[in-house]
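Heads up: the protein sequence lines correspond to chains R and X, in order. Each residue of the first sequence is one higher than the one before, counting from 1 in this note's numbering. Each residue of the second sequence is one higher than the one before, counting from 1 in this note's numbering.
Since the hints were made in silico from the structure, they are not lab data. Each hint should be verified, as a subset may be incorrect.
Stated by the list, open to error - No farther apart than 27 Å at their CA atoms in a straight line, the calculated lysine-lysine pairs in the BS3-like style are these:
no., chain 1, residue 1, chain 2, residue 2
1, X, Lys-401, R, Lys-76
2, X, Lys-403, R, Lys-76
3, X, Lys-403, R, Lys-116
4, X, Lys-401, R, Lys-121
5, R, Lys-70, X, Lys-401
6, R, Lys-121, R, Lys-30
7, R, Lys-22, X, Lys-403
Predicted model, so just to flag it, every value in this text is computed and none were measured.
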Amino acid sequence: MIEIKDLHKSYKMGSNSLHVLKGINFKAEKGELVAIMGSSGSGKSTLLNIIGMLDLADTGEYVLDEVPIKNLSETKAAQYRNKFLGFVFQSFNLINYKNAIENVALPLYYQRVGRKERQEKALNYLDKVGLKEWATHLPSELSGGQKQRVAIARAMAAEPKVLLADEPTGALDSKTSYEVMDLIQNINDEGNTILVVTHEEDIAHMCKRIVHLKDGVIVEDKKVEQVRASEYVQ
Amino acid sequence: MFSRDTWKEIFEAIGKNKLRTFLTGFTVALGIFIFVTLFGMGNGLNNTFDLFFGEDAVNILKIEATQTSLPYAGYKAKRNIEFDNSDLAAIEKDFAPFLDYLTPKISRRNLITYKKNSDFYYTRGVAPGHLLAENSLMMKGRYVNTQDLKDKTKYAVIGRMVEIDLFEGEDAMGKIIDVDGSAFKVVGVFQDEGGDNEERFIYIPYTTRQFLEGNEDEFDDLVVAFRETLGHAGAVKFEKQLLSYLKQRKDISPKDNRAFNVLNFADELKKNQQFAGALQIIISAIAFAVIISGIIGISNIMLFVVKERTKEIGIRKALGATPKSITNTIMLESIFITAIFGFLGMLIGVVVLNAISGETLEEGYFITKPGINVGLAVFVTILLVVCGAVAAFVPARRASKIKPIVALRDE
């Protein structure tokens with residue numbers, strides 16, 4: 001599903017440049033649930049941004065579902081993001097003046113899905129994350145965990161090939177974190193490919209595979225015994 | 001681009017930011033209001049000029065004989081010049097192809113009495129052509145005619161206001177009035193578009209006036225109506241020729257430009273129209289400057305809006321919004337605000353123009369019926385849409401260039 005070969009990325013910081021990714025080789029098959037771990041500055045977020053086409057690599061190959069991702073115009077990148085990728089962010093990034101269902105329907109709007117179908121799909125996904133009754137509430141009326149579930153519903157609404165989650169539990173307490181991870185595991189069980197950036201060991205072990213980054217290179221890549229989050233959720 | 005959803009997005013954004021929507025709108029509304037009001041006032045000034053000169057015929061030269069300023073042909077300077085009736089005949093003969101009609105004008109202030117009422121009025125000794133020169137209309141009876149000139153009749157043609165004031169509503173026709181001791185019979189009553197003062201004159205045959213003053217055949221003012229087919233250039237040429245002809249007849253130096261006071265109505269009209277035109281251009285320039293400052297205002301506010309919404313735009317882009325869709329939304333938003341508030345400003349402007357239109361403005365500031373026509377209204381509307389687009393262009397481009405990764409970097 002995802003194939004990355006010898007990926008390099010550096011940022012210019014004034015006169016000196018900061019080499020963030022120093023030759024990443026990475027592969028993820030369909031249906032995998034991968035945790036990307038590393039201390040801050042290890043390059044894990046940069047890697048996720050490049051996979052998410054929010055950022056461009058300097059050199060290297062990136063193939064997403066057999067589509068080579070290179071020389072992207074802004075418009076093309078936007079279309080690919082819309083079609084291939086779903087994002088979940090640490091700070092939820094819901095649009096604060098839109099209610100839950102409108103937020104979930106937004107990627108569908110950019111896919112030019114008709115209004116009625118959009119509403120139906122959005123409501124369906126809200127139902128999946130257990131927030132059907134909250135459809136008309138604004139983000140400010142939701143708890144942190146609810147917000148993140150709306151964000152996950154939004155990411156899934158466009159039926160992406162890969163779900164990218166950047167510290168999805170970073171702003172949540174552990175109980176809520178497990179609820180969110182339970183949801184992510186369920187989505188993965190349905191066959192969706194998911195990448196989770198995290199620095200929390202327990203969250204990482206709820207994935208099926210852990211990739212460790214250190215100073216811009218992968219230092220460890222191992223399959224793990226998945227801990228089901230539902231064990232922690234009543 | 002014009003789907004219901006696009007507009008829903010725009011309305012949401014507008015509704016969410018009420019204060020800045022209001023501020024932006026206020027800037028535009030004010031700009032357009034000032035534009036419409038100024039332009040309408042300019043039109044009002046133009047209307048006044050049209051009205052002033054619309055009353056009288058414009059194919060007219062008024063020549064007043066005064067004093068020579070240069071010695072010539074053995075005469076000293078400061079010699080008094082008077083026209084006499086032989087001049088009339090000579091001009092009529094020598095300038096026939098150019099002339100419409102000629103009339104002398106001898107103005108006097110006389111005490112006019114009818115029964116117990118008496119008041120001072122201006123009487124004007126004229127020839128029949130003067131009716132055309134003043135563009136007056138006969139309400140009753142007739143004007144001075146050629147038979148009157150020949151017979152030096154004591155007939156008077158009075159203005160509508162004279163009939164009202166002196167006769168107190170009584171029919172003046174056929175009544176006898178006293179003009180400084182001479183009895184005149186009223187043979188006609190006229191009205192004039194030029195206002196009440198124009199209707200306070202009394203016209204009598206100029207020959208009668210000359211006879212009353214001792215059978216002289218002299219007069220000061222000559223009104224010459226030339227053929228309208230001469231055009232403006234022809235009129236100027238005719239004026240030159242006529243003046244040098246008169247100077248020759250009266251032994252005045254060809255270089256003496258003060259002996260005759262000349263008022264060329266066509267020239268005056270043109271000058272005034274040019275003045276009004278220049279004024280209109282200045283007003284338009286000011287109005288446009290106001291609109292441009294309005295555009296800059298909107299542009300500034302939109303820039304601020306884009307900055308404020310950077311994160312939201314970043315989220316939208318991450319979810320698949322193309323740069324074009326972002327640009328479109330912001331441009332449409334700006335155009336919408338500009339158009340709605342601009343229209344409001346225009347409406348208020350029109351209402352205000354209508355409200356202030358009236359006597360005080362006409363009498364005190366020479367502004368008659370200020371307003372804008374449909375063409376300008378359409379122009380302003382198009383201008384609004386263009387302004388909205390122009391104002392939003394830079395902010396919209398900036399928004400479309402926002403990198404989602406930068407916008408979402410919030411930790």
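Hints, verified against the model:
1. A distance of roughly 14 Å separates the Cα atoms of X:Lys-401 and R:Lys-76; the hinted pair therefore holds under the 27 Å criterion.
2. Proximity of X:Lys-403 to R:Lys-76 is assessed by CA-CA distance (about 14 Å); at most 27 Å being required, the pair is judged to hold.
3. Of the supplied pair hints, the one linking X:Lys-403 and R:Lys-116 is violated, its CA atoms being roughly 31 Å apart against a limit of 27 Å.
4. Between X:Lys-401 and R:Lys-121, the direct Cα distance comes to roughly 31 Å. Violation of the 27 Å bound is thereby established for this hinted pair.
5. In summary, the hint linking R:Lys-70 to X:Lys-401 is supported, as the alpha carbons are separated by about 19 Å, within the 27 Å threshold.
6. Under the criterion of a C-alpha separation no larger than 27 Å, the hint pairing R:Lys-121 with R:Lys-30 is consistent with the structure, at around 23 Å.
7. Restraint check for R:Lys-22 and X:Lys-403: the C-alpha separation of about 23 Å stays at or below 27 Å, so the hint holds.
Consistency with the previously given hints fails for numbers 3, 4, ordered from lowest to highest.
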